[in-house]
Every structure is written in structure tokens, then in C-alpha cells.
Amino acid sequence: MDPTITLILLQDGIVNGAIYALLALSLVLVFAVTRVVFIPQGEFVAYGALTYAALDAGQMPGSVWLLCALGAAACGASLWTQRRMLPPRALARLLAGTLGIPLAALLLTRELAPLRPGVLVQALLALLIVTPMAPYLYRVAFRPLAQASVLVLLIAAVGVHLAMGGMGLVLFGPEGSRAAGFSDGSLDLGSLTVPGQSLWIVGLTLALMLGLYGFFEFTLYGKALRATAVNRLGARLVGIGTAQSGEIAFSLAGLIGALSGILIVPLTTVYYDTGFIIGLKGFTAAIIGGMASYPGAALAALAVGVLESFSSFWASAFKEVIVFTAIIPVLLWRSLRGGVVEDEE
Amino acid sequence: MMRRTLWPLPALLLCIGLPWLPWLPPFWVTLGNYIGISTIVAIGLVVLTGMGGITSFGQASFLGFGAYTTAILTVQAGLSPWLTLPLALAVSAVAALAIGAITLRLSGHYLAVGTIAWSVSLYYTFANLDLFGRNDGISAIPPLSLGGLQLIDGRLYFSVIWIGVVLAALATANLLDSRAGRAIRSLRGGARAAASFGVDTPRARTLAFVHAAMLAAFAGWLYAHMQRSVNPTPFGLNAGIEYLLMAVLGGAAHLPGALLGAGLVTIVNDVLQDLLPKIIGTQGNFETIVFGVILVLALQTWPEGIWPHIARVRPRPHLVRPDAPELPARSLPPRGEPVLSVRGLHRRFGGLVAVNDLSFTLFAGEIVGLIGPNGAGKTTTFNLLTGVDRPSAGEIEFLGRPLVGLTPPAIARLGIARSFQHVKLVPSMSVIENVVIGAHLRGHAGALRGVLRLDRAEEAQLYAEAARQLAHVGLAAFADRPATSLALGQQRVVEIARALCLDPVLLLLDEPAAGLRHTEKAELAALLRRLRGEGVTIMLVEHDMEFVMNLTDRLVVMDFGTRLAEGPPAAVRRDPAVIEAYLGSVA
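So the sequences go chain by chain: A and B. One point on numbering: in the working numbering, the residue at position 319 of the first sequence is 333, and numbering is uninterrupted. One point on numbering: in the working numbering, the residue at position 417 of the second sequence is 552, and numbering is uninterrupted.
Hints may be right or wrong, so weigh each one.
From the structure, some residues in chain B lie toward chain A, with a derived Cβ separation under 10 Å [as the list claims (entries may be wrong)]:
1. 238
2. 260
3. 263
4. 266
A few chain A positions that, by computed beta-carbon distances, are all more than 10 Å from chain B [claimed, not checked]:
5. 159
6. 162
7. 204
8. 298
Treat the hints as calculated values from the structure; they're not laboratory data. Quick reminder that beta carbons are idealized off the backbone N, C-alpha and C, glycines included.
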């Protein structure tokens, strides 16, 4: 293998790895705060990508309607659970959050979509449409199960994944889409040409990670989230609303998922069900990283991305086998290092 | 007992007769065949997930091992399908042992997501190797035949599948009712307790995993000879997810839940696929949307699954045979001989020294109290003595043998039994089932003997012993109640009965009197004196000073991890250092 190919594969791997890293981070975050293994993350990737692609084509993305429906459902669910105690200000906040945002997204999309307002506005609009779905889903599907076991939450996540996957087919159709990138230019580095989009992906990933680091380290909400992750009961006792923490965690996950989709759709054709396998690789990275450590998960994600790109060059048919089997030596090492585990539900 | 042993008969008749009812549409028979195959897989998941607490998304892969083994051996090697059944089971069991050896030591959610990973990688292996026919799979698999009769008709095959379901259910029910099955059931809620009574918990996890994998392979074998062709799709991750949700929806902790979940999911899926295009008109994946929504709503309504809401689930009463021969008992060391000696014991957690240079000796047939203020290191000391935790330094010697480095089961085998500060009983088991776990090391039957019901004589002995110890502690009347329905104080006493089932030389009791009423405390004290009279050595941690002072022969007082005082209760009570530790200075 000559060095040029090595460099190209490495570059490919780093770009993919950056996406997996983002997903891994969001999965670790959601799991730590809510104990939900967020299987529908793949759908958020696909929704983000396809919403952005529809906007890029000057069409009205169907996901806007789903956003409105989910917002209404979340509103209904919250009204029901909080029916005994809902002061007017909280009610106003609830209505603004669950009905106002979808309405604003709907109106904006209607106005802007036919104009094709450029990649940046389209990307922001796609984020506005897809991100709020995550906290709405949390309210509708997971919050009523807050006391359930990890297993039940996991199965509920599978249910959400199935429903969103089916919905993706209805909203976006079976055809795949691609869209314009953030940059058409490229950077020449000797024999290697780095596409602008790849730089965007790596740059945004780094920026987002720094942002998350700042959020967790320096803001009250971030600290509250960390506290919830460490000890749910303890956090409640000192007045941190676990429901609110869950909502923030889901919002961040939705944002990260949608952004990942927007970033990859210029590089590869995305179908309504493409997200699942991408999300699974994020999972693999999260497990390798230990489902608890953010830097560990991010590093593991880079490794998964690089491994994937090299194995697709050497043995493309066994690409997935290699990537998913790579987890096993890591698990083995972890299990030999750690002691016997005791499951306490 | 009657009900249990007789249900397979009418079930068998139903398996053979049902599909021939004249008004039954053939389509229902087909549906029934799919339900049967799924039920077998879901039964495995009840053992694995519901009882063992191990979530697996990968059961469809084991279905694949079964199906591909028979497909390859019948099509390419020309073997008879009946001959490939044991081979399919063996291949799957070996695969499960290999996968289990790598992944089973991971904790719950790691393991669950780990199963996703190997399931995906096995799927792509099936789909990319020539041996498995790549994506096209293997076709022209011969049908099963019985004395010249080819079982191609769906109605004939219905009988095969459902006899298979009955056999799988019987084998699993037998397993769960055996010594090995108790070890699996003890994994949820009481794994640490089970280990301290000699249950090899990693082995129990492996057994559950292999059992579930073999059932899935059996289902795969049935599937291959029903479809007469195999391809990778039904063995992928999505299928694995579907089996898991069948088990969880039906009620993962209950065998009938497997049938219920498999039936519901298969029928609802089918109805939706049939109905929705008629209502909505367009072809789409509407059924998955509706299915997903129903699933979430069902879990929100019945997080424990549906079965416990249909049937009132209670532990089955256990028929105890008092005439069963008593288990051999070990001979206790003569009174006054040193039993346990601890020298220079240390345990540091980072900067915190929980146990600091602790030394004491226990002599056979005495009751010693280990007391001290909260956080003095008493429970940590118990954990060090029983192998749950390893000392940072120091020696522990029991009957002349060093204990440091031994696992909890190995220490239990030497004759040290304990109870726990936070009660560790298995919630889904009855009182006597929990107690009989204590006698685990006094039985020998393995899983196979359990499945084949060859362990009855030994089981009768174990249960008779458990009943005897329950009577010993005065809880015989509660034997068949669910363990967690008792008052907390009584649950502590159940733990003592369980400890006595080990036939212990040394009994370590962590706050046995907490939560007991006055008369119950008096009964407990009488029981402990009686045990002392029989030659058992007892060490107890307790905060009730009246109880401790009246009962014990000697006290060891701890404070901040160190030994503050030691001696007879009357002397310790006057010790100024002890008074200061308990009441503060200038009291």
C-alpha cells in the first residue's frame, strides 16, 4: 500500500471517526443521565440529513409535520402528568416549548424553504426542526418510565426506534438523498487533497466537544447534569429536577444527531434507515470507551473510524464484521482487568 | 405438584389435534407455527433475561447457528435432519460458551450493547461467507420425515413445532426448579449473597446463556426445516430485538410470558400488516410505526410485562418430604479451640483507612459481638472475612487455613456463613426457595440432572433441610410466602435460616436484631444461645446494646477502623475509651 492511499484512508477514517465520536458522546450523555440506551439516535442522524437535503432542494421537509405532532403529544403528556400542579408561568413555558417552537419552525420553513436561503440557514433550520423532537420524545415515551429498569427503558427505546424508522420512510420516501456541502473548496497538502467538507466535520466536532466541555465544566445546568449522572437520588435531594436534566440530555443528543446527519449528507447518500448502522458504530465506540468516559469514547470513536476505512480497503465485504468484532478484544481486556460485576437494578 | 406434572399431556394432544380442526383457516396454522418457533426463543430469554438479568439482543444469531448447521449438513453432507439436531445444539452451545467467556463478565448495559455488536458481526459473517451461501443463503433443505412420511404440510409441522415448545418449556421448568436453576434465579437481587453461599455466579450466568442459546438453536433447526431454505435476514439484529421484546412484553420473569409475548407480537404484527394498508391505503412501513407506539404504550402501562397482570403470580408451594434422609453434617471443632484468628488486618480505600491493624481470635462455641459507632469498619471487616473484599494487608486464618485470596464460594465451602446488613433475598422466590440456596454446597446435582429430573432425591433432602432450619428460626409458617412480603426483621431471620443451611462452623451476622420487636429479639437470642450450645461459633455486629450485652461472651469494640477494646461485656461497658467513643468526652 503506498503512502498516498494510507493518507487518504486515514483521512477518511478520521472524518468518519469524528462523526462516531459525536454520536458516542451523546449516547454516553443520555445513558448517564437517564439510563436510556438511546437506540433512536440513528434516526436523528437520518432525519437531520434528509431534512437538510429537502431544504437544500427547495422542498418542504415532511419532518416539520412530525415535529408539530410530537410537540402536541408532548404538550398533552405534560399537561396530563402535571394536571394537579401547574402554575400559570409553568403553563406558559410548557405551551411555548411544546407548541410555540414547532409553530415557529413550521412558519419559518414555509417562508424560507422555497427561497433556498443558503447552506448555513438551511442547516440551522434543519437543526430547529429535528432537535426539539428529542426532548418531546423524552416527555412522551421515557419520562413516564423514569422508575423502570434499564431493560424496560432499552425496549422502549427500541419501540421509539421502530416508530421513527417507519416514520422516516413515510416522510422522506425510500430514495436516498445528497445535498450541497458547507464548502466546495479543498486543501492541498502535498499529495493529499482534503475536501473542505471534511475540514468542516472535524472542525465542528472539535468545537462541539469544546462547547460540551465548557457546558459541563462551567455552567450550572451542565453541573446539574453531571450530578444527575453520578447519583440520581442525590441530585434530586439537592433540588435538581431529574426530568429537566433528562430533557436537556435528550436535547443535546438530538442536536448532535441532527448535526451529524447534516454534516455527512454532502459526503454520502443518506437513506431513511442509514442512521441505524451509523448509530451502532457510535455505540461500539461508547462501549469501548466504557459508556462512562467522554474522552475515552471520543478516542475509541476515532479508532473505530480509522479501522473501518482501512478494513473497507482490505476486505470490504467484512468491513462491518471487523468493526463490530474489534469490540471483543476490548471487552475481554476490560473484563479481565475489572473484577466480578454485581448487577443491582 | 399434580397440576405441574400433568399439563404436558393435554398440551401434547392439543399440538397434534388442533391444526386438523375443520374450520381452522390454514393461514392460522402457519401463524401458529411462527408463534411456536418464537416462543421457544422467548423461553430461553425468560431464563437469560428475566431470571438471570442478562439482556441479549443476539438470540437470533443462535437461531442462525442452528439453522445453518442443519442446512449445511443436510444439503452438502446429506445427513438426516434428525441427526443434525444434536449437532445444531452442540454448535450453538460451543458458540455460546465462546461468546459468553468473552462478554458475560460485563455488567448489565455493557453486556446488552455488547450483544448488539457480536450479533451484527455474526450477521455479516453469515452474509459474506461462501459456506453460508452469502446473501442468497442455502435452499433445497430436505423436510423432516417420520417413517417415510414427509412433514411438509403445515398442519403436520405444527405438531412438530408445538411438541418442541412443550419439550422446551418442560426442560426449562425443570431446570429452574433445580439446584442449577436456583443459582440462575439468584443472580437477580441476590448475586452477592448467592456467591457467599457457594454459588459460582459466573458459571450460573454461563449456564443461562448456553441454555438460551441451545433453545434458540433448536428453534433455528425447526425454522430451517419448515422454510426449507435459509438466508441471513431472520438471524440479524432486528430479529434479535424482536425476540427480546416478545419476552419483555409478555413478562420476562415468567415462563408463560414467553408464549404470551410471542403470540401477541406475531399476531399484532400480522394484523397491522394486513389492516393498515386497507385503512391508510398506501404501502409504507405504517405497521412498524404503530407497532413501535403500541410497544412504548404497553411498557408504560405494564413495565413488568403483561403476564403478571393476567395471572396472579405467586411462588408455587413446595411440598416438603420430612422423611427425606438428613444431609450429612460436618463435625464442629471442640469447644474452646481457636476457629478464626485475624492478625494485623488493614483495608484502605484510597486515603481512607476503613480497617486499621485489627487483630482478634474467635474460639469455638462462643458468641462474640463486634461493636462500634457507625463507620467504624464493622461491615468492611465482615466483607474481608468472607472474601467479598480483599485486605490491603494482614492475615486471616480459619481452622488453620489462610483465607486471604480465597473467593466467597471457597470460603463458604470451609464453613463460614453470613447474613447481610442490607437484606439480600431474591424477591421473586419464596422464603423456602431463598433458604435452600444456603444449602447449595451440600448438593451436587448439575444442570443436566435437573433438566432430566434425576435430582429429586437430593432436592428433597435439600428442601427438608431448609424446612428444618426455617422451623429452627420459627418461620416455618411462612415457607411458601414471597420472600419480600415478610417484615424486614423477619427477612433478617430468613437470612439466618439460609446461613444455617450451610451447616456453618462460624456464623457472621450483620445486625440480626435490627427491625425486630422485643419478643422477637428474645426469640433470636434464645436461638443463638441454642446454636452456641450445639458448638457453632457466632460473631455478630449489632447496635442494640441490651441485646449484645446479655447475649455475648466477649466483645470486640472498633472505632475508626482500629480495635478500641476487647473483653467481657461487663468490662467493656466500663472502659473509658469505649464510653468516650460512644458518648463523646466530657459526658
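Hint by hint, here is what the structure shows:
1. Interface hint at residue 238(B): satisfied, since its Cβ lies 6 Å from the closest Cβ of chain A, which is below the 10 Å cut-off.
2. Because the beta carbon of residue 260(B) sits about 5 Å from the nearest beta carbon in chain A, less than 10 Å, this interface hint is met.
3. Given the 10 Å rule on beta carbons, the hint for residue 263(B) holds: about 4 Å separates it from the nearest Cβ of chain A.
4. Given hint, residue 266(B) at the interface with chain A, is violated; its Cβ is 14 Å from that chain's nearest Cβ, farther than 10 Å.
5. Not every Cβ of chain B is farther than 10 Å from the Cβ of residue 159(A); the closest lies at roughly 6 Å, contradicting the non-interface assignment.
6. Some Cβ of chain B comes within 10 Å of the Cβ of residue 162(A); the nearest lies about 5 Å off, and the non-interface call is violated.
7. Residue-level check passed: residue 204(A) sits 36 Å from the nearest beta carbon of chain B, beyond 10 Å.
8. Residue 298(A), annotated as away from the interface, has a beta carbon of chain B within 10 Å; the closest lies near 6 Å.
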